[in-house]
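Engineer: Sequence:
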Amino acid sequence: MVRLFGKDCFLAKVDLKHAFRLCPVHPNDWHLLGFKWRGKYYFDMCLPFGMRSSPFIFTCFADALLWILVNKFSIPSICHYLDDFLLAGHSLQDCLLKRDKVFLAFSLLGVPISEDKLEGPAQVLTFLGIEIDVQASTLRLPLPKLTELRGLVLLWSTRRKCIKRELLSLIGSLSFACRVIKPGRIFLRRLIDLAHSVRSLHHHIDISVSVREDLAMWSVFLQSWNGCSFFQQPTTSSFALNLFTDASKLGLGAFFHNQWISEPWPDDTVGINIALLELFSVFTAISTWSNQLQHRSICVFTDNEAIVTIWASGSSKDAVISALMRSMFFLCTRHNISISFKHVPGVDNVYADLLSRLQVDHFLSICPSAHPLPSPIPPAVWQCWKDLWSAS
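If you count by our numbering, then the sequence shown holds residues 1 to 392, one letter each, in order.
Watch out, some of these pointers could steer you wrong.
Unchecked claim - With a straight-line cut-off of 30 angstroms between C-alpha atoms, the simulated DSS-like cross-links for lysine-lysine are: (1) 40 <-> 72; (2) 13 <-> 117; (3) 164 <-> 7; (4) 386 <-> 342; (5) 36 <-> 72; (6) 164 <-> 40; (7) 101 <-> 164; (8) 101 <-> 117; (9) 36 <-> 13; (10) 17 <-> 40; (11) 101 <-> 72; (12) 13 <-> 145; (13) 7 <-> 161; (14) 145 <-> 101; (15) 36 <-> 7; (16) 101 <-> 40.
To be verified - Label pairs and their calculated CB-CB ranges: (17) 382 <-> 350: 51 to 61 angstroms; (18) 202 <-> 126: 50 to 60 angstroms; (19) 128 <-> 160: 27 to 37 angstroms; (20) 350 <-> 290: 23 to 33 angstroms; (21) 165 <-> 36: 24 to 34 angstroms; (22) 172 <-> 270: 21 to 31 angstroms; (23) 309 <-> 271: 29 to 39 angstroms.
Everything labelled a hint here was simulated from the structure, so no lab data went into it. Cβ coordinates follow ideal geometry from the N, Cα and C atoms, glycine included.
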């Protein structure tokens with residue numbers, strides 16, 4: 001919504017007062033929400049805080065309010081999460097007008113507003129704990145939250161045991177950071193799996209080596225990260241971007257808008273997992289054309305199903321692939337690129353296929369619009385290749 005309105009738009013936030021308590025409970029269910037104290041019975045006649053079903057029920061109510069605002073009061077540029085409503089206007093006056101319409105609608109509907117939590121219209125506004133800067137096109141974690149996260153992960157990096165409740169709390173904190181650090185989600189997978197390994201919240205858990213590696217990655221990253229990321233464009237397929245990569249036992253190939261790479265592997269690849277070579281080809285392409293791909297969310301089509309599984313899980317039994325994934329995470333975060341993979345059998349990948357087999361003359365003959373010379377691969381790419389094998 002903010003991206004569509006551009007850098008001159010203004011934002012406003014409206015909070016509902018009492019939230020869950022706005023939803024009455026049917027009298028037939030009062031007996032389910034009661035307790036006895038000092039000889040008297042007390043019943044919740046409205047949705048209580050802390051009940052598992054309360055957020056879902058209230059969201060249905062808030063969705064209905066949103067529908068009314070959009071369809072009956074002509075406020076299309078508005079969204080909500082639970083009781084927090086965010087709206088955007090093309091200008092200060094437009095945003096004020098829409099906010100006044102929201103006030104009117106809620107007044108007519110008898111829905112109270114929490115006036116002390118109102119924000120905007122403004123071009124820098126905090127929504128759901130994330131600071132949105134319209135003119136800079138950035139999302140930021142507030143500095144106190146970032147400092148807290150750094151200390152938390154540093155503390156966990158030395159732990160060997162925990163209980164499930166503590167681990168879930170850590171996962172919640174890192175999930176919050178992933179609202180800004182999109183690539184970080186892949187490094188939550190093993191923590192989530194570990195939390196699911198026991199049933200009760202008080203059960204003890206041994207923190208595995210692989211999970212400690214992920215925590216170390218988070219620690220290193222958070223110490224150097226400034227808490228900002230730029231708005232990303234909508235997810236685009238690699239086909240739509242005209243980005244293709246491939247790997248063979250001879251070399252790697254990549255093609256992007258008539259730019260191309262065709263490079264032999266620096267070492268013998270006999271016995272090397274083809275999934276690693278395919279993933280390294282993607283890493284090389286992103287490294288080479290990172291300035292043209294930044295601020296994008298890219299879905300890479302591949303005929304290698306193993307890559308899709310590995311990336312989605314955020315882990316691999318292969319230590320070299322795991323190390324490469326960490327390098328890709330830092331690369332993507334540095335350039336605000338979000339990567340996902342989708343398996344497509346028999347992908348039409350002629351250009352990258354020829355380039356990975358080092359058949360440059362054939363490639364140039366069927367793609368006359370291609371640049372006459374390959375794009376230079378950054379030296380850091382081959383340094384990464386060396387580091388992968390030295391660490392294995």
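Engineer: For each hint, tell me whether it holds in the structure or not.
Structural biologist: Status of the hints after comparison with the structure:
Taking the CA atoms of residue 40 and residue 72, the gap is about 45 angstroms. The hint is violated against a cut of 30 angstroms. For the hint pairing residue 13 with residue 117, the CA-to-CA distance comes to about 8 angstroms; that is within 30 angstroms, so the pair holds. Note on residue 164 and residue 7: the hinted pairing is violated, with a Cα-Cα distance of about 43 angstroms set against a maximum of 30 angstroms. Simply put, residue 386 and residue 342 have alpha-carbon atoms about 28 angstroms apart, close enough for the 30 angstroms limit, and the pair holds.
Annotation: proposed proximity of residue 36 to residue 72 is violated, straight-line Cα distance about 44 angstroms (limit 30 angstroms). Distance hint between residue 164 and residue 40 is unfulfilled; the C-alpha atoms sit about 37 angstroms from each other, more than 30 angstroms. Between residue 101 and residue 164, the direct Cα distance comes to roughly 46 angstroms. Violation of the 30 angstroms bound is thereby established for this hinted pair. Taken as a hint, the residue 101 and residue 117 pair is honoured in the structure, with Cα atoms around 18 angstroms apart against an allowance of 30 angstroms.
Using a Cα cut-off of 30 angstroms, the hinted pair residue 36 and residue 13 is violated, with the two alpha carbons roughly 40 angstroms apart. As the CA atoms of residue 17 and residue 40 are separated by approximately 29 angstroms, the hinted pair is consistent with the 30 angstroms bound. Straight-line distance between C-alpha atoms of residue 101 and residue 72 comes to about 10 angstroms, which keeps the hinted pair within the 30 angstroms bound. For the suggested pair residue 13 and residue 145, the alpha carbons sit about 20 angstroms apart, so the restraint of at most 30 angstroms is met.
Our distance criterion of 30 angstroms between C-alpha atoms is broken by residue 7 and residue 161, whose separation comes to about 47 angstroms. Restraint check: the Cα-Cα separation between residue 145 and residue 101 comes to about 33 angstroms, which exceeds 30 angstroms; the hinted pair is violated. A threshold of 30 angstroms between alpha carbons decides the hint, and for residue 36 with residue 7 the separation of about 56 angstroms lies outside it, so the pair is violated. The suggested pairing of residue 101 with residue 40 is violated, with an alpha-carbon distance near 45 angstroms, which exceeds 30 angstroms.
Between residue 382 and residue 350 the beta carbons are some 26 angstroms apart, a value that contradicts the proposed interval 51 to 61 angstroms. For the pair residue 202 and residue 126, the beta carbons lie near 35 angstroms from each other, so the given range of 50 to 60 angstroms is not met. A hinted range of 27 to 37 angstroms holds for the C-beta pair residue 128 and residue 160, which are about 34 angstroms apart. Here the CB-CB span from residue 350 to residue 290 is close to 25 angstroms, well matched to the stated 23 to 33 angstroms.
A C-beta distance of roughly 29 angstroms is found between residue 165 and residue 36, which places it inside the suggested range of 24 to 34 angstroms. At about 45 angstroms, the beta-carbon gap between residue 172 and residue 270 misses the expected band of 21 to 31 angstroms. Range check, residue 309 to residue 271: about 21 angstroms between beta-carbon atoms, so the 29 to 39 angstroms window is missed.
The structure does not agree with the numbered hints 1, 3, 5, 6, 7, 9, 13, 14, 15, 16, 17, 18, 22, 23 stated previously, though it agrees with the rest.
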